[in-house]
Amino acid sequence: MPKQDSNIQKKIDHEIRMRDGACKLLAACSQRDQALEASKSLLTCNIRIMAFMSELQRMKEAQVMQRVALRSADAGPTDDRLPCKGKVAISDLRIPLMWKDTEYFKNKGELHRCAVFCLLQVGAEIHDTDMVIVDRTLTDICFDNTIVFSEASPGFELRVEMYSCCSEEDYSTGSTSRKLASKLSSSLGRSAGKKLRVAMDPGACSPISNGGGATLLLPLPTVVGPKYHLLAHTTLSLSHVQDSFRTHDLSISGNEECSHWVPLYGNVCCRLAAQPHCMTQQMMSGCLKVKFGGDPQSWTNVYGVLKGTNLFCYHRQEDVEANIEPAFTISINKKTRIRASEKDRHNKAQSICISNHYGGEEVTHTLSADSREDTHRWMEAFWQQFYDMSQWKQCCDDLMKIELPSPRKPTLVTSKQGSLYHEMVIDTSDDISTVTDILARRMEELELRSQLGTSPPWMSLFEESPGCPRTHNRLPHSPLRCPRPGLLSSEASLTSDSDSPCSTSPCSRYSGWAEPLSLSSPSSHFRPRTLSLDAKLSTLRGRGYGGVLQCSCQPPSSSSLAPIPAQCVPQATLSCSSSTSSNSSSEGSHSPELSDGTPFSRPSSARQSLRNLRAKLDPRNWLQSQV
Amino acid sequence: MSFIPGQPVTAVVLHFQLSCALQQRIEICKLRQGEHLILGFSIGGGIDQDPGQNPFSEDKSDKGIYVTRVTPGGPAEVAGLMMGDKVMQVNGWDMTMVTHDQARKRLTKKNEDIVRLLVTRKSLEQAVRHSMM
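Residue numbers (the working numbering), protein chains in the order written: chain A, 1 to 627; chain B, 1 to 133.
Be aware that a few hints might be false.
[Said to hold, decoys possible] Where chain A lies over chain B, by a calculated footprint (3+ residues, C-beta under 8 Å): (1) 45 to 51; (2) 105 to 115.
[Unchecked claim] Under the rule of at most 16 Å between Cα atoms (straight-line distance), these lysine to aspartate or glutamate pairs were calculated in the EDC-like manner: (3) B:110 with A:92; (4) B:109 with A:92; (5) B:105 with A:20; (6) B:109 with A:157; (7) B:110 with A:144; (8) A:87 with A:157; (9) B:105 with A:144.
These are computed hints drawn from the structure, not numbers from a lab.
Owing to the predicted nature of the structure, the values given are computational and were not obtained by experimental measurement.
Glycine included, each C-beta is placed from N, C-alpha and C at the ideal position.
Chain B on its own, in the form it takes in the complex (with noise of 0.2 Å):
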């Protein structure tokens, strides 16, 4: 994704964040390893969380699902999905009033293949400035 400076982004209100937010809809197909189905990220938060230690929130009151880890080469990232995303949706399923534990089941149903997730993400810009670090 390039930032092309003149060119309109979405801005989403999110609470009573005033942030730059772009909101994306990832489709994640599941790679078969073995016996297991694996995405290619990992996550963070949750409502039994300390939500404090999220270094990707804005909002350190913040207990919703981040992206912390987007693996290399996985469908995730093929897909799309980029670390410091907030995961809101899950095929249809909220994901910013849930445990950890919660979203981690909800991510990996064994009788899914595909995951779309809605996510959202900080402004183009500073999606850059990650993703240059």
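Just chain A, same shape as in the assembly (with noise of 0.2 Å):
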């Protein structure tokens, strides 16, 4: 006991470094996106660690009542059959949501957003899944993990919870942390409350030994941050198992009047397979002789292999690792009835009758072993089967798929710096909904600056294109071709204000209306669509941006976001961009660049009021997606 024992502390120690770790980086972040994701280490640190707190108590008490069980008289071997373990995977988690009608077609103000993701738990292992942005322009809750747990038992308890976090309050607390740190030290005795005082710093979030040698784990520190509230949980078992999609109940904690609330339907939809070691790993391997029905003289030299619900007869032991099809294969599953044959005249050994109905027929087999030993140990074999295939029950008519989960994508980390564009973080989950809150927020910037009277000339690419940047799908792989934009969409809504169409141009079948891009003719050069957010935003922020872009198109990245600039935005567009706040007639399609004549962003008069400028900025539109 005592190895297993080091291995917890060992694991113990480690998510201590990391809950540190996790700490310093949350204190030290700046950005919502980061201490987000450090916020969500630490709460998974600190749950890992009580899961192994709690872990390394059971095996004490196990090992003491063991002790005492050894010491007592009446401790008879325990007869106790086990049965195996198999792998439990979790994947395809979907939670839907239910959205109130208000909360969902309101128009003003900034979209509540939460930050969400779940915690899966079978014993002591803890498994936790990407964060996930949730605003009210989502209808469900999906993670894409897929989450495996080796080594569980047929009595597993998987517990899902799932935790969220209001993504938009303002973190700077610092003297609640100083608060807490002196009332923590005033309710303790002095020298350990020095102590806490000490730890209670920001940046200093180890935990405190004492005398004994066991590490004194402090209740968590205060940090400054968001901080994760537990919003749902459930709990799955073995008849939750299904090779198929299963809709669970959630027990919610939490209403309306939480920071944190999401309004959850109530379930949890997901898949949750299990694959028991019986299944999947041959139980037993060895020499027989097998005769089919009663013919006595029929007997076969075979290699047999006991895996799942099959014994595999191969002619030699080879084939088995050179994959060759076995010779035949003989059904053991729940209606297979195994006995032991009497002792037959000519064997010394007794033989193992396995019975099976195929079609109305029942056909029997008969083994026979090499030695007695090795028929007990058969046996054993079969009924170890029989046994697993009871407890694990369902799991074992079949073989479920479980898909090893990709390698997880490493979130972005964008670098601090001036522009507007790196402002944002860009998280997994393919929402950038943020940029339309920066967008937003900038706007009133400069709607109460262009009320003054000055109208920075690039204002006119925002009249009549809304930002509701999305990202698109991932990159096509060719160098060749263009990103997709669809980001601060000169492509939508470019109807409502403007009346002259683009005739000119031969695609655009709808006055005004956007098409998307082609990513069908790589030869171009470039469209005007490719316009990336970009670019858009480096002309907000030079103003008569006069440089050319980088014009190196971006190799697809693994992730599936790449509103990354780098797609091909040559200088023309941006001073036919510029040149046109001061027209007002349809340019786009007039331009030499824009030859496939798709309308780029169309200014009309530099005035407009604030309510059409708030409306253009909303984040519906008519977005358009290439699949």
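Grab the two chains, each in its own frame, and use the hints to assemble them into the complex.
This is the structure we're talking about:
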């Protein structure tokens, strides 16, 4: 037992180190999304530490009980058969949301956003999903992770917990930690309190060790930053395992008043699959003689392998490795009957009779092993297999597929730079609705400025091109192709105020209504529509940005997002755009580069009413995505 | 698809629309391009989108998912998908009440090689007119 103890202790130490790291990161980071990730790591570490501690406690208790049992006289050899363990995988978690009408169609104000993730626990093994930002434009929260627990017993309990955190608070509450520190120090003894005080210093989050050698884990040190709360939970077990999607009920804690509230429908859908080891591993193998039916003479020598619901009989042992088909296969399933037969006159050892029903007929195979011990071992293996199948129930009918989780996408961390573009962190769930907010804020600033009379030339970019950036799909692989835009969509909703259609363009079929990017003609230099978010925002920043933008096409990254610049945007477009501020006619299609004729942003008069502007920045637009 | 005058056309009454519409089942085999599986068309619409800007819908409050473009020679075109089709279902998933992003995701699941769409198309006549433009 001490070896297992030290294993757990090592894990605890590891988690404590991770927790320290998360504390430090949380204290140091300034960007909201980094803070959310760090806070998530912190919570996960804490929960893991507690789970390991309980596990350690349990093991110690079990040791004590065992010692007590050994000492007592009536401790006979326990003959309990233990079922085999198995892999349990949970994937495709989907939690439907139920937004209220009023919330959903709200036009004013910022999107209320929450950061959400799930923790999945079997025993002391805890996995976390990626974090997803949830706002009212989502109808379901989807976690794409597949999480596999490798050594679960059939009586496992998979606890699914959903944590959420409001993604908008201001986290700079430095005084709280100090207040709490002084409170704690006054309630504990003097020396312990002093130590605590030191520990509470932001940045010093390590546990204190007392004289006894065991580390004293503090109650979670107050950290400045976003805090997750448990929003919902449920427990799944063997009865929920099925080779398809199922819906389960969630127990929800919290209500609308909480800041971390997300309106859950009350269900969680997922695929919970299990692969018991008896189905995937060879439980027994060895040389056997097999006789079909009652014919006393027809013994065949085979190499038998018991795996799953079959006894595979190969001609030779080498065939197993070589993946050659077995000579024949005997079913071993719930309906199979196996018994040891009486000693045959001709054989010294007992034989094993296996009976199956194949389509109404009873078919019997008789096995004979080389020695008594082997026979005994085979019987034992069969009994164990039956026991496992009775414990794992539906998981042993057929082998359920479990896809191995693909390597996690690395979370993008943006470097802190001055440009607007770099303020945006794009998380792995393809949702950059943060951009809307930033743009909205910026627009408000600009409105104020425009009200003062000065209207920057690039303002016209926003006149009729409301920004609702959304990332779209993965970059196509070929470097010739320009990646999709779909961001700061000039393509969306250009119709409203423009009455002069791009009728000169053969491609645009609908007046002013923009066409999506054509990926099928790679030969084209560039498209006006590839004006990426970056390009637009560079004009924002530069105001008459004269230089040529980076023109290298970005190779597709492993993550599916890439509004990251480097799209082919020649300077001409920019000058086109900035020069159009002065005129109001349909300019887009006349520029030589815009030979596809797709309309670009069409400025009209420089003055727009405030309300108009807000409406344009509404995240609801008519986006298009390439699939 | 040729328009044969005099041949009956399946008519489906959609919600409050009294338009002549065809329901089509389209099976698209995704094409692998590098590390991506593409279908070869673009979609627009969604319950979080502004339906007034949908050029394909008859009812301008229709927030459904519409095919806005079909890549020539792509898997979707080969399967018979046409621009202007309204996507009702994808592999059994409803697409009439989804957000734009949700719709995109349902079409681009990595573990699916084939998507079976149920689409609605305006009447043959209009379809022919479209294709002639």
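Going through the hints against the structure:
no.	hint	in the structure
1	45 to 51	holds (count 7)
2	105 to 115	holds (count 4)
3	B:110 with A:92	12 Å, holds
4	B:109 with A:92	11 Å, holds
5	B:105 with A:20	37 Å, violated
6	B:109 with A:157	29 Å, violated
7	B:110 with A:144	11 Å, holds
8	A:87 with A:157	13 Å, holds
9	B:105 with A:144	11 Å, holds
The structure shown violates the earlier hints numbered 5 and 6.
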